[in-house]
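Asks: So the chains spell out like this:
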Amino acid sequence: GDSVTQMEGPVTLSEEAFLTINCTYTATGYPSLFWYVQYPGEGLQLLLKATKADDKGSNKGFEATYRKETTSFHLEKGSVQVSDSAVYFCALSDLNNDMRFGAGTRLTVKP
Amino acid sequence: ETGVTQSPTHLIKTRGQQVTLRCSSQSGHNTVSWYQQALGQGPQFIFQYYREEENGRGNFPPRFSGLQFPNYSSELNVNALELDDSALYLCASSLAVGLGPLEQYFGPGTRLTVT
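First to last, the protein sequences are chains A and B. Quick note on the numbering used here: the first sequence kicks off at 11 and runs consecutively. Quick note on the numbering used here: the second sequence kicks off at 7 and runs consecutively.
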């Protein structure tokens with residue numbers, strides 16, 4: 011079945027460092043891809059999405075490009091802030107509409 | 007626009023008991039999905055409701071059941087609770103307008119502890 015694999019954490023960076031969190035997927039169809047963020051004690055917030063190949067999702071300085079050839083959707087940010095510390099989840103959704111999540115990557119940004 | 011709300015926030019139950027969790031969908035949304043998130047894991051899909059009917063189910067036993075009401079709010083019921091049911095239960099709502107993957111908006115979750 012469809013699945014998502016994302017890089018294991020935790021990831022610790024200094025403020026203003028460059029961030030990459032890798033995400034690859036396996037799907038039989040043409041899913042939509044998402045990044046969600048979860049702050050401590052809260053539910054998931056949609057960060058960005060892409061619905062077809064070569065689409066780039068972006069929000070709050072974060073970007074991810076839907077790469078069909080490499081089945082990837084890596085999350086990037088050029089300069090992280092302490093407030094970006096959270097757990098990031100890569101996810102896909104196909105026509106069945108059940109969303110499949112990766113295991114999550116915990117990011118800690120130090121001042 | 008009101009977001010997704012869930013109640014209660016926290017709940018402690020004993021093994022073998024039954025529990026009901028509630029979710030109010032975001033205004034204008036007609037589809038509700040439920041997820042179980044164990045500590046340190048990603049959310050796992052339990053089931054989805056659309057127009058008061060179950061519209062897909064993940065790999066969860068029948069003791070996990072649900073309802074959706076005419077106002078699109080929803081309940082998750084779990085019977086015969088087991089220790090492994092301890093988790094954060096997330097509700098997500100979305101608007102189904104036709105075929106295609108749906109963008110889902112999540113509530114803050116209900117933390118269930120089974121002792």
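Some hints could be false.
As the list claims (entries may be wrong) - Computed beta-carbon distance windows for the label pairs:
1) Q55(A) with P14(B): 38 to 48 Å
2) S13(B) with Y49(A): 19 to 29 Å
3) V92(A) with P68(B): 37 to 47 Å
4) S13(A) with R69(B): 23 to 33 Å
5) Q91(A) with Q23(B): 15 to 25 Å
6) E26(A) with L73(B): 33 to 43 Å
7) E18(A) with P67(B): 24 to 34 Å
8) Y49(A) with E109(B): 28 to 38 Å
9) R57(B) with L23(A): 25 to 35 Å
10) F75(B) with T36(A): 28 to 38 Å
11) G11(A) with L101(B): 22 to 32 Å
12) Q23(B) with E18(A): 16 to 26 Å
If you are wondering where the hints come from, they were derived from the structure by calculation, not from laboratory data. Every residue gets a Cβ at the ideal spot worked out from N, C-alpha and C, and that includes glycine.
Asks: Would you say the C-beta atoms of Y49(A) and E109(B) sit inside 28 to 38 Å of each other?
Replies: violated, 19 Å
Asks: Between S13(A) and R69(B), does the beta-carbon spacing fit 23 to 33 Å?
Replies: holds, 25 Å
Asks: Is it true that S13(B) and Y49(A) lie within 19 to 29 Å of each other by Cβ?
Replies: At roughly 20 Å between Cβ atoms, Y49(A) and S13(B) fall inside 19 to 29 Å, so the hint holds.
Asks: For the hint 22 to 32 Å, verify it against the beta carbon of G11(A) and that of L101(B).
Replies: Distance hint for G11(A), L101(B) holds at roughly 25 Å.
Asks: Does 24 to 34 Å hold as the CB distance between E18(A) and P67(B), or does it fail?
Replies: holds, 29 Å
Asks: Starting from the hint 25 to 35 Å, judge whether the C-beta atoms of R57(B) and L23(A) obey it.
Replies: 45 Å Cβ-Cβ, so the 25 to 35 Å window is violated.
Asks: How does the Cβ-Cβ distance of E26(A) and L73(B) compare with 33 to 43 Å: does it lie in that range?
Replies: violated, 49 Å
Asks: Could one say that the CB atoms of Q55(A) and P14(B) fall in the range 38 to 48 Å?
Replies: violated, 21 Å
Asks: Are Q23(B) and E18(A) spaced within 16 to 26 Å by their CB atoms?
Replies: violated, 35 Å
Asks: The hint says 15 to 25 Å between Q91(A) and Q23(B); measuring C-beta to C-beta, is that right?
Replies: Given about 44 Å between the Cβ atoms, the range is violated.
Asks: Taking 28 to 38 Å as the stated bounds, is the beta-carbon spacing between F75(B) and T36(A) within them?
Replies: With a Cβ separation near 36 Å, F75(B) and T36(A) satisfy 28 to 38 Å, so the hint holds.
Asks: Taking 37 to 47 Å as the stated bounds, is the beta-carbon spacing between V92(A) and P68(B) within them?
Replies: holds, 45 Å
In summary, the structure is inconsistent with hints 1, 5, 6, 8, 9, 12 from the numbered list given earlier, while agreeing with the others.
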